[in-house]
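Chemist: Listed below are the residues making up each chain.
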Amino acid sequence: DAKTTQPTSMDCAEGRAANLPCNHSTISGNEYVYWYRQIHSQGPQYIIHGLKNNETNEMASLIITEDRKSSTLILPHATLRDTAVYYCIVRTLNRDDKIIFGKGTRLHILP
Amino acid sequence: SQTIHQWPATLVQPVGSPLSLECTVEGTSNPNLYWYRQAAGRGLQLLFYSVGIGQISSEVPQNLSASRPQDRQFILSSKKLLLSDSGFYLCAWSVRASRFPNTEAFFGQGTRLTVV
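In order, the protein sequence lines correspond to chains A and B.
When you line the first sequence up against my numbering, it's residues 1 to 111, in that order.
When you line the second sequence up against my numbering, it's residues 1001 to 1116, in that order.
If you're looking for bench data, these hints aren't it; they were derived computationally from the structure.
Watch out, some of these pointers could steer you wrong.
As the list claims (entries may be wrong) - Subject to a maximum C-alpha distance of 16 Å in a straight line, what follows is the list of computed EDC-like cross-link-like pairs (lysine to aspartate or glutamate):
| # | chain 1 | residue 1 | chain 2 | residue 2 |
| --- | --- | --- | --- | --- |
| 1 | A | Lys52 | A | Glu66 |
| 2 | A | Lys98 | B | Glu1059 |
| 3 | A | Lys98 | B | Glu1104 |
| 4 | A | Lys69 | A | Glu31 |
| 5 | A | Lys52 | A | Glu31 |
| 6 | A | Lys98 | A | Glu55 |
Keep in mind that this is a model prediction, so the values were computed, not measured.
Pulled out of the complex, with its shape left as it was, chain A reads as follows (with noise of 0.2 Å):
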């Protein structure tokens, strides 16, 4: 079972923020919090991962709380194209080294 639970959709104003939360309450100390999105119809593209910092790229920013239970995907200027389904997992760090999903948040960029 995936090690995470996310709202089902979300809806987000173009240009402004989209702030994408994350609940891992039962992460362990070595394990990345990982952030992927699904555009319709293609293969999921990754965007940013974290184990306890802040992180920030060209795509996002990855607020992790200090207790890593939960994180917040942040987008700092939603534009339409960044409508897609928004994964976030931890990444398990054992020798089987499975990549569990789960169901993800919906993002709806609204003109």
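Please build the complex by placing chain B on the supplied structure of chain A, with the hints as guidance.
Modeler: Coordinates of chain B only, in the frame set by chain A:
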């Protein structure tokens, strides 16, 4: 640079026919390999994953099987397709997280399978 190839892009097959989907990775060695399925309007379901040649782990009992005959080749098969096998099939690869936890997974463009 690393690339992942998955084919065909679309496939229409009759019920009861066999299936073979192939995925190959270039530019890396000893990758983890994954097969996922996505039913219409649903999330990504992990079907199989492999950490090495001949090492296949199945996540969900089903009508499908997987094989890894070479280091960078991952094949998804079925002897007899069911209507419920329809969906979007995705192959992915990553480096071993236990050694390199700071790396992402890379996905192919997928195969849309329709069983009729």
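Chemist: So, for every hint listed, does it hold in this structure?
Modeler: Hints, verified against the model:
1. Between lysine 52 of chain A and glutamate 66 of chain A, the direct Cα distance comes to roughly 7 Å. Compliance with the 16 Å bound is thereby established for this hinted pair.
2. Under the criterion of a C-alpha separation no larger than 16 Å, the hint pairing lysine 98 of chain A with glutamate 1059 of chain B is consistent with the structure, at around 9 Å.
3. The hinted pair formed by lysine 98 of chain A and glutamate 1104 of chain B meets the criterion: a straight-line CA distance of about 12 Å does not exceed 16 Å.
4. Annotation: proposed proximity of lysine 69 of chain A to glutamate 31 of chain A holds, straight-line Cα distance about 11 Å (limit 16 Å).
5. For the suggested pair lysine 52 of chain A and glutamate 31 of chain A, the alpha carbons sit about 9 Å apart, so the restraint of at most 16 Å is met.
6. For the hint pairing lysine 98 of chain A with glutamate 55 of chain A, the CA-to-CA distance comes to about 24 Å; that exceeds 16 Å, so the pair is violated.
Against the hints set out earlier in the document, a violation occurs for number 6 only.
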